[in-house]
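Asker: Residues per chain are reported as follows:
There are 4 protein chains.
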Amino acid sequence: MANLRRIGILTAGGDCPGLNAVIRAVVKSGVGKYGLEVVGIEDGYLGLIENRMHVMSLAEVSNILTAGGTVLGSSNKAEPSNFAIQQEGRWVRRDVTEEVLANCRNWNLEALVVIGGDGTMAGAAKLIERGLKIVGVPKTIDNDLVGTDITFGHDTAVATAAEALDKVHTTAASHHRVMVVELMGRYAGWLALRAGLASGADVILIPEIPFRLEAVADICQRRSRIGKRETIIAVGEGAMPEGGKVFIDHVDNNSPDPIRLGGIGKYVAQETERLTGIESRSIVLGHVQRGGTPTAHDRILATTLACHAMELLVAGQFGQMVAVQQGMLKSVPIDQVAGKIHKVSPDDGLVCAARDIGISFGN
Amino acid sequence: MANLRRIGILTAGGDCPGLNAVIRAVVKSGVGKYGLEVVGIEDGYLGLIENRMHVMSLAEVSNILTAGGTVLGSSNKAEPSNFAIQQEGRWVRRDVTEEVLANCRNWNLEALVVIGGDGTMAGAAKLIERGLKIVGVPKTIDNDLVGTDITFGHDTAVATAAEALDKVHTTAASHHRVMVVELMGRYAGWLALRAGLASGADVILIPEIPFRLEAVADICQRRSRIGKRETIIAVGEGAMPEGGKVFIDHVDNNSPDPIRLGGIGKYVAQETERLTGIESRSIVLGHVQRGGTPTAHDRILATTLACHAMELLVAGQFGQMVAVQQGMLKSVPIDQVAGKIHKVSPDDGLVCAARDIGISFGN
Amino acid sequence: MANLRRIGILTAGGDCPGLNAVIRAVVKSGVGKYGLEVVGIEDGYLGLIENRMHVMSLAEVSNILTAGGTVLGSSNKAEPSNFAIQQEGRWVRRDVTEEVLANCRNWNLEALVVIGGDGTMAGAAKLIERGLKIVGVPKTIDNDLVGTDITFGHDTAVATAAEALDKVHTTAASHHRVMVVELMGRYAGWLALRAGLASGADVILIPEIPFRLEAVADICQRRSRIGKRETIIAVGEGAMPEGGKVFIDHVDNNSPDPIRLGGIGKYVAQETERLTGIESRSIVLGHVQRGGTPTAHDRILATTLACHAMELLVAGQFGQMVAVQQGMLKSVPIDQVAGKIHKVSPDDGLVCAARDIGISFGN
Amino acid sequence: MANLRRIGILTAGGDCPGLNAVIRAVVKSGVGKYGLEVVGIEDGYLGLIENRMHVMSLAEVSNILTAGGTVLGSSNKAEPSNFAIQQEGRWVRRDVTEEVLANCRNWNLEALVVIGGDGTMAGAAKLIERGLKIVGVPKTIDNDLVGTDITFGHDTAVATAAEALDKVHTTAASHHRVMVVELMGRYAGWLALRAGLASGADVILIPEIPFRLEAVADICQRRSRIGKRETIIAVGEGAMPEGGKVFIDHVDNNSPDPIRLGGIGKYVAQETERLTGIESRSIVLGHVQRGGTPTAHDRILATTLACHAMELLVAGQFGQMVAVQQGMLKSVPIDQVAGKIHKVSPDDGLVCAARDIGISFGN
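Chains as they are written, first to last, in this note's numbering: chain A, 705 to 1067; chain B, 705 to 1067; chain C, 705 to 1067; chain D, 705 to 1067.
Derived from the structure by calculation, the hints contain no laboratory data.
Careful: at least some of the hints might be erroneous.
Given that identical chains are not distinguished, each listed pair holds provided it fits within a single copy or across any two copies.
[Unchecked claim] The calculated DSSO-like cross-link candidates involving lysine-lysine, where the alpha carbons are at most 27 Å apart (straight line), are:
hint, residue 1, residue 2
1, Lys737, Lys932
2, Lys949, Lys970
3, Lys1034, Lys1047
So that you can see chain A by itself, here it is in the shape it has in the complex (with noise of 0.2 Å):
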């Protein structure tokens, strides 16, 4: 047991559907239930160095179960150790771990919950070789995070992507078109595997299967010929040709992910015009993947979760991130997360299910 009275918690990284249920269930949980006072850190690791944090009421996290974003603010400013800020409207970078650690004990935050992706966990993980006592909750709609098989943001952001492709399925439909949508989840192909399994696409392309050209183009002429009046191409951001590289729609040094994806979709689109004659359209999804009142299975696993991470806290389990392993709340330790990528293995079930009614990942 851990005697803990104070406590902070902050999100970090890009937004992701459930953020608010994971405050409020910590409010809730470490308030009513524990006892704790818990402050609410402002917009990541930046909040904890320029001292923006507040002791939360219950009042505050009263209905923003179902409202998207974070009510504390996110940064996407990178580690402590490596941290961006913004002076004379220039970025640099600096090390800020020792302002990180002395305003945690200025302010007697006695532990942290920390919400975040891998770089946020990387970022913890530092911290916690310093001395801090840190819980993570993981977070990401990418589900690229080792250690748990989900987070929660991941199944809303399947749920808007899936909506999208049905709604541009009808319109291909209507029009004898190709319609590739690109959809994000970065290095891995989880999003747009799930969102194309559950919205009937008829090719799905994903960084873990490298695809080529002339099956895709095949798919949608053979489809053609049958009497099909669509093709729908779920494509993730990082998927690439074979022997090709990653499709980069821009670099931003400033970011903890400094490469910015994209432009796969496009270039799909063109290619399959090009090799088939037949009218071929892009679409780029982009930041709705990340917003919106999150699913009902994604407030629940958000809510268990951030109770799961009290309960470590509370017990002096420290250093743990909490996790999902088939199917039963877990925790793995957080150094051992850090800057690792889950992806899609070729032969999933997810990927053979997919294979068996005859979906194609183009390859």
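Since chain A is already given, all that's left is putting chains B, C and D on it; use the hints.
Answerer: For chains B, C and D alone, kept in the frame of chain A given last:
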């Protein structure tokens, strides 16, 4: 390996989002991958004894993925050994097992995919004893089937119920009211538990945890005293007061599940108003929980379960129901499933999480 | 021009999606454009007599556009001249007009924006007689206010009801069933008419067109004979059989609308089953029709009505209710609106269109 | 009265939610009420010259009310006098008017219901000159048709766009960001205006009100200074800077609308970031705005417009397009509509309301 050429598929029991996703995946993989003929049987076992069935084409399952209901139709006439049939305006029960077996032979149905709940699996178990080759696919919005951690349809029903609770929330808050929402779930509390957790209910009443009205009233009053304008109570239809019984809406002896539950929500609202003086209203969400487009989650789950059922079928592993256990696709012998109910354990992780964030179970 | 410095705003009557959009637009334009102080009065007239009100800030109306309900709270206590107040556990009625007038003076409320339905407008009319400067904003999910073709909230309620009907559709079709869905609407049939038309109901029963059970049963049987598996009946809560009366669920003398309608849906289902032998079920959609995020349509309508109300206010045109007539923003004297009901004409364009496509009104 | 026995129906131009509702209502009233044969022509005028059409049954239009797209298919090949056809892999244009007329005679199509936008109406006008009996039904998600205040599909597109803006809102607020969302609408700003108003955008840029980047940047900075974490900018694809031109994404001479707009969103985001130093991102919502289940509002509107078109047809009032004017069903001569654009007036009520609540148009 079973050298199958022709199989049958039927859906039985209550409506459930995802049925069409299963049918689609069975036909797509059956015809497209395994080269089988798939015979669609209309209205469950009824079509089998009335010779209403036909060989299904791939075109027939195009665009049904997102549709609620079942393109094959269903029936609630229970198991073949005790089948309800309408004769001259009255319902009579008789054993149609021989007709079922004969028609399977006449139509050269070498095996059946049977999609249904516990009643349907009980019926299937008896047919298996008589030599029929069957693979079962679990189906219930109530998630009350043993042998599988989760079934398709449940996530959609939870989403629908949570959305209704979300809507009721604002009405209650605007008027200083107790709102009681009666949800489905039969003798298990999964649906009320998950929907209540997902939507921030203040009280959740489920069959597995008998409640005391005084405890419920006490919460409403305490919330009122601290300025909370509303109390939302999610009630499973099978919930009951301590020492009491389940509430029966009416009895229908033609149904495989002849006792229809209902009325507990109205009771809780009336008694709460009587005990507290706070205006209390109830709504019964009803059949909307069975309908609608399946969530992305359920479409994926239904598709993978169906693909797994087809694998078992072509591998000759009959007499099994496909299942999800610890996050993985598995199967269980149908006779171990038949007639049992998967209940919420009072110390289930979801119950604990709910209690952690201050939700009461009225006990 | 009225040289206003401070105005009050209150919401009264039943919950209605879009109330917050009105409040937001009044505060944003009032404070931001016209330089007024806007005093938010809590819980309708109740806050006015209990001195529960405060000057609203722009921050307070940030992010409320999409929220259901009303951030100010509402009350169903009816008009000030006959106001229901809880005293020692009992409800008593008394005239609070003088307190209302006095508190408006005490708080320097030079004018009021009153958002409500016909009961609220009746109350406002009496206050106007006593010298209060009021502009009314019509509010009703039932669309039963005279003087305006449409009100915010109705489109959202229609959308919610149509979605429920859509969901019920698949269940009915899967089981060969008659499904009766009882909708709100009080003594007017707009909600049932629009929702039924939007969701492809087969029969629509509304108060303005008394129905014959035999005609309803006949349609169910004819549909059944030509192989249609389901009949969907949308019933407005105020619908009644020819020569019959509206069905009363219960009477609550504390309410401005003391007679609560309800029960017609169950009656229609029971009688239809009795007359046809076809399984018939009913659901009562209930309060979900009042809740939820307003549709884009209603957010726009609520915002433009609010802006128009503010224009009238600053122009000194008091005693008016803003309205939409023939697609344009107008206003009508509140006393011409009070206590009247806007009903569906039996030869309304919507009724004719419904008949044209084969929908029956059971007459 | 026109003594019609057989009519044709076709849908042309871009996809639009509600097309199936029109087709359904035309078939249901045509066959069921007026006793006509309704011939469904596939893929717009293309099916008419390729003899791809068939007599439609009531069963065919069952259950299509909620489906996006058009069961008849559409084509973007423009008007018959200048029709694009694919020959040996290349697109060529020729006049197919004579074939259209001949096939109408061959198939005994005594009149046509033509559903489409301004290009389609322009084509219809020329066919009317040649003696074809046509009633037009307006269709555009952009709401840019003259002669009618509103068209079906627009409300759904606004709802889809507003939902995307809602989702983006939370992301922007979590990260202190400017988010630019590029919406459809062609040369008219209705879609961006309504979606922006419905979702609480801070800036709305539309073609009818040329903007200055400095003004946009100024708003972002002012909001940032007063602590607002995000600025949401809704941009119509046809918006342009003062003195500038519309942005062209690409030119496709085979299209009736050969110039595809696009790129303005990216430009605004880049320039805003450059001028303000605040991180700015853009998304292009794209074709999802054309798809999906129509809103209840659009299903009702599409149904009533279709019924009115059938009334005109059987009354022999040819050469008219049905319309909504001042909230009522009307009609206008097709030749008065053809090739014109219904634009937003800079002092439209919606623009004024938007300004009243502090939304900027960047001018």
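Asker: Hints the structure violates: just list their numbers, smallest first.
Answerer: none
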